[in-house]
Amino acid sequence: MKGALFLGGLILVAIAASLIIGDVPLGPGALWQGLWGGDGPGALTIRIIRGPRVAVALGAGAVLGLSGAIFQSLLRNPLAAPDIMGFTSGAGLAVLAAVTAGLALPLPIVAAAGGLAAALLVAALAYRPGQATPAVTLVLVGLGVGFTTAAFGTFLMTRLPSSEAAEAQRWLSGSLAARDWGQAAQVWAIGAGLVAALALQIRALDLLAFGNDLAAGLGLRVEPARWSLAATGVLLAATGVAVAGPVPFVALMAAPLGARLTGARSLGGRLAAAAAAGACVTLVADLAARAAIPGLVLPIGVMTGPLGAPYLLWRLSREMEKGEL
Amino acid sequence: MTHAGGTGVKGWALVLGLLVAAVVVTLAWGVRPVSPGDLWRAFTAPDPGNPADVAILSIRLPRLAAGLVAGAALGMAGSVMQALTRNPLADPGLLGVNAGAAFAVVLGALLLGRADGGLITALAFPGAAAASLAVFVLGGGLSGDAGPIRLTLAGAALNALLLSGVSAVVLMRGEALEVFRFWMAGSLASAIERPVAMMALVVLAGALLALAAAPRLELLSLGDTLARGLGTRPGRVQALSLVAVTLLVGAAVSVAGPIAFLGLMVPPLARRIAGHSLRRELVASAGLGAALLLLADTAGRLIFAPGEIRAGVMTALLGGPVFIWIARRLKPGAQA
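Each protein sequence line maps, in turn, to chains H and Z. All residue numbers for the first sequence refer to the working numbering, where the first residue is 1 and numbers rise by one. All residue numbers for the second sequence refer to the working numbering, where the first residue is 1 and numbers rise by one.
Keep in mind that the hints were calculated from the coordinates and are not lab data. For clarity, every value in this text was computed on a predicted model and none was experimentally measured. You may find that some hints are simply not true.
[Said to hold, decoys possible] Some chain H residues judged to face chain Z by a derived CB distance under 8 Å, without partners named:
no., residue
1, L125
2, A126
3, T137
4, G144
5, V145
6, F147
7, A151
8, T154
9, S173
10, A199
11, L296
12, V302
13, L313
14, L316
[Stated by the list, open to error] Chain H is nowhere near these chain Z residues, computed Cβ spacing over 10 Å in every case:
no., residue
15, L16
16, V25
17, A160
18, A168
19, A205
20, G223
21, R279
22, A327
[To be verified] Some chain Z residues near chain H, calculated using beta-carbon distances under 8 Å:
no., residue
23, I59
24, S167
25, V313
26, A316
27, G320
From the three backbone atoms N, C-alpha and C, an ideal C-beta is built for every residue, glycine too.
Whenever a hint applies, use it, and build me the whole structure from the sequences.
Next comes the structure, spelled out in structure tokens:
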């Protein structure tokens, strides 16, 4: 309980800091006016520029965190996350391809299609008839699919005019620049729908954590449940990618970080903690990317890389000690 | 399996044939195709007023030299790394060694406030050295149990970290995207501005070192205890191998930027040709690496001429599927 309050407090502080800090630093007065509908230039900056950016960061971080928690629980492997396994880069590539080709399709749908395609590709390529696919094979094959989609992304970029290529590069590393309330509404509305869908499957996810045999023994139809949970996870990740780009490592870090901070033990609690931790990491990373170097706004992915890569390395050394890899 | 001799001769003919074909194709094919007669004339009696001669001598020839140097270096570096880590997924690009070299160069350019000139590219060597040492240690090299999966993931993490460092530094300088693209995925396009001749010497030194270390590296693959019993000092062999990898990768990055997957794809092919001798495998890797990089570069120039796809992107498009293919064949928990 104390942990949950701490994480909640951390998020509130990060929100306030994100609204105040920027090219034009604002005071608490402007923050107050901006939040409660007062006017003045500071209030407008908060309501029109920084407000939607914060809302998008929170929403995208939360859906990415949830997605990571689902896969880590489903595959019982702390390294299984949509960003490591290439799903987010598949979603990102699809969006980039649609933009390059000038297709006027809704981006969340494009991202979802790309993420699902990448996930199916990974599952198909890792499949070996007559054997259960080990989670590490899924992770490695996913890594390979990620490499290939990243190369296709770079390839598409070379087909773009220089100015658009710069924008695409920012987007591909994950960026929250110039977001509006429409995008915030999009990630929150779709995210809420997917959370409702996840809530219906939470018992199945809980049972699957005991292993397929036991889950089947307890009356669960294992295969449909696994596919449906995986689809929910991919769609959650794609929702985040559609508004923020393929931000690396958030999905990987969120669930263990959330569990560590809140001490949550029940599955529902861990999922909520993962969403909160994902939102928090994304917001803090975006703030750091905006404010670390005065006069320069870096894409958020440049910040989650240095945060997430050491975590992955640390996690690997832990797994090594336990002899699980 | 193919052993020394027998199909070996055919294999070597294949390497040589590919290399010659790659050289000819690099010189002759492009936005402006030239005939064999033109090629001959451009080399024997160049006319500075003839655009074809200029294209061959001042654009394609440096490209060819850079491709030969970087391709051979990355192929051999891949072979050494795969032998050292006993990991079929080892590649200087995937394990972050390329990215370490690139990061050191862009960081040096930022701190010294100059564009990436001759002296600054020398920073590629400490960068490659630090990254290869880091991967070796992270992958459990000190305790002698670097399983392929663990090492690959450690390398991917290090690679992600270093590449986000590169993009942060480059975006900080706010300079043209072209610089950024060069250091994110390598290319042979600006070969004439790169210290190709000097780096060829470095690659030669790295190659000699790798060839010298090869027999003892093979003993090491039998396991530390056995190798020790046969009079090999594992620590020394590993150090020697890491120095060789550093020289090879540092030189390749100075010449062509970070090019991934070449060191992954080439060694398995070279192994088939060379049988079980690491020395022969290194020679085959050098030839195949150079040929593959030149062919990838030429294909990248031709597919969307006059626009071009960077050689580093082409090797990644080829190498991703190869990576998946190898990953599928690994058993979880495998140490081999």
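Going through the hints against the structure:
no.	hint	result
1	L125	holds, 6 Å
2	A126	holds, 7 Å
3	T137	holds, 7 Å
4	G144	holds, 4 Å
5	V145	holds, 7 Å
6	F147	holds, 4 Å
7	A151	holds, 3 Å
8	T154	holds, 5 Å
9	S173	holds, 6 Å
10	A199	violated, 32 Å
11	L296	holds, 6 Å
12	V302	holds, 4 Å
13	L313	holds, 5 Å
14	L316	holds, 5 Å
15	L16	holds, 29 Å
16	V25	holds, 21 Å
17	A160	violated, 5 Å
18	A168	violated, 4 Å
19	A205	holds, 31 Å
20	G223	holds, 19 Å
21	R279	holds, 30 Å
22	A327	violated, 4 Å
23	I59	violated, 19 Å
24	S167	holds, 6 Å
25	V313	holds, 5 Å
26	A316	holds, 3 Å
27	G320	holds, 3 Å
In this structure, the earlier hints numbered 10, 17, 18, 22 and 23 are contradicted, and the remaining ones agree with it.
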